[in-house]
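Student: Single-letter residue listing:
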Amino acid sequence: NAGVTQTPKFRILKIGQSMTLQCAQDMNHNYMYWYRQDPGMGLKLIYYSVGAGITDKGEVPNGYNVSRSTTEDFPLRLELAAPSQTSVYFCASSYILTDTQYFGPGTRLTVL
Amino acid sequence: AQSVTQLGSHVSVSEGALVLLRCNYSSSVPPYLFWYVQYPNQGLQLLLKYTSAATLVKGINGFEAEFKKSETSFHLTKPSAHMSDAAEYFCAVTEGGGSYIPTFGRGTSLIVHP
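Here the protein sequences line up with chains W and A, keeping their order. If you number the first sequence the way the working numbering does, the last residue is 112 and the count never jumps. If you number the second sequence the way the working numbering does, the last residue is 226 and the count never jumps.
If we strip away everything but chain W, and leave its shape as in the complex, we get (with noise of 0.2 Å):
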């Protein structure tokens, strides 16, 4: 049992560069969510999903994509990469919305 793994680690754009941040979970979970984390910030809903196939819009999804072919994966599209999106982002995942969320260990980006 994995839990929640994000791929890549850490990775370096250039202004203007997409990417897809991958995140996958084995719990079989129903919701999965994107975060990002700047310092003193805490943390920033990007986009949620509530099942395969269904995604909205969290606090601050400009910029960003997302789709949920699957109950496991769920990435997340940089298209067009701007300096403000050097962040670390997190992906996480819970069975329902009051319950736990299992977190993976986050990619660290820096768009230059």
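Hints were generated in silico from the structure; no laboratory data involved. C-beta: ideal position from N, C-alpha, C; glycine also. Hints may contain errors.
Computed footprint of chain A on chain W; a stretch qualifies when at least three of its residues, placed anywhere within it, have a C-beta under 8 Å from a C-beta of chain A [as the list claims (entries may be wrong)]: (1) 36-50; (2) 91-101; (3) 104-110.
Computed far set for chain A versus chain W, every beta-carbon distance over 12 Å [stated by the list, open to error]: (4) A166; (5) L168; (6) E178; (7) H187; (8) D197.
Add chain A to chain W, keeping to what the hints say.
Tutor: Same frame as chain W, but now just chain A:
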């Protein structure tokens, strides 16, 4: 609407001293409350959670938190700090109706001095 406030972005204690990390919430219905811990360069992991059973909740590593409805608080305590407790701590709330994505506080960094 739900929200959570963590008082103090940094808390510094000596090893062996009491740890007190403050969390206040707002919620229009009975809440579910969580404390998560984040060690350096890692993801968050659950420390403890309140789900409307006992108001005093015991978690891992000797931490506990007390739900006080009258004060809308869910402060985290540990009687004696250990160097390994140095980490970032996040309080989170979601309303008991189960319709709202959990809201996280900004986090409190616990610094433990030898």
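Student: Each hint: holds or not?
Tutor: Verification of the supplied hints:
Taking a C-beta to C-beta cut-off of 8 Å, the region 36-50 of chain W contributes 6 residues in contact with chain A, enough for the three needed, and the coverage statement holds. Coverage of the region 91-101 of chain W by chain A holds [criterion: at least 3 residues with CB-CB distance below 8 Å; count 6]. Look at the region 104-110 of chain W against chain A: 3 of its residues bring a Cβ nearer than 8 Å to a Cβ of that chain, three or more, so the hint holds. Taking the minimum C-beta to C-beta distance to chain W, about 17 Å, the non-interface status of A/A166 holds against the 12 Å cut.
Chain W leaves A/L168 outside its interface by the beta-carbon criterion, the shortest separation being 19 Å against a cut-off of 12 Å. For A/E178, the shortest C-beta to C-beta distance to chain W comes to about 19 Å, beyond the 12 Å cut-off, and the non-interface label holds. Distance check for A/H187 against chain W: the nearest CB is about 18 Å away, which clears 12 Å, and the non-interface claim stands. Distance check for A/D197 against chain W: the nearest CB is about 19 Å away, which clears 12 Å, and the non-interface claim stands.
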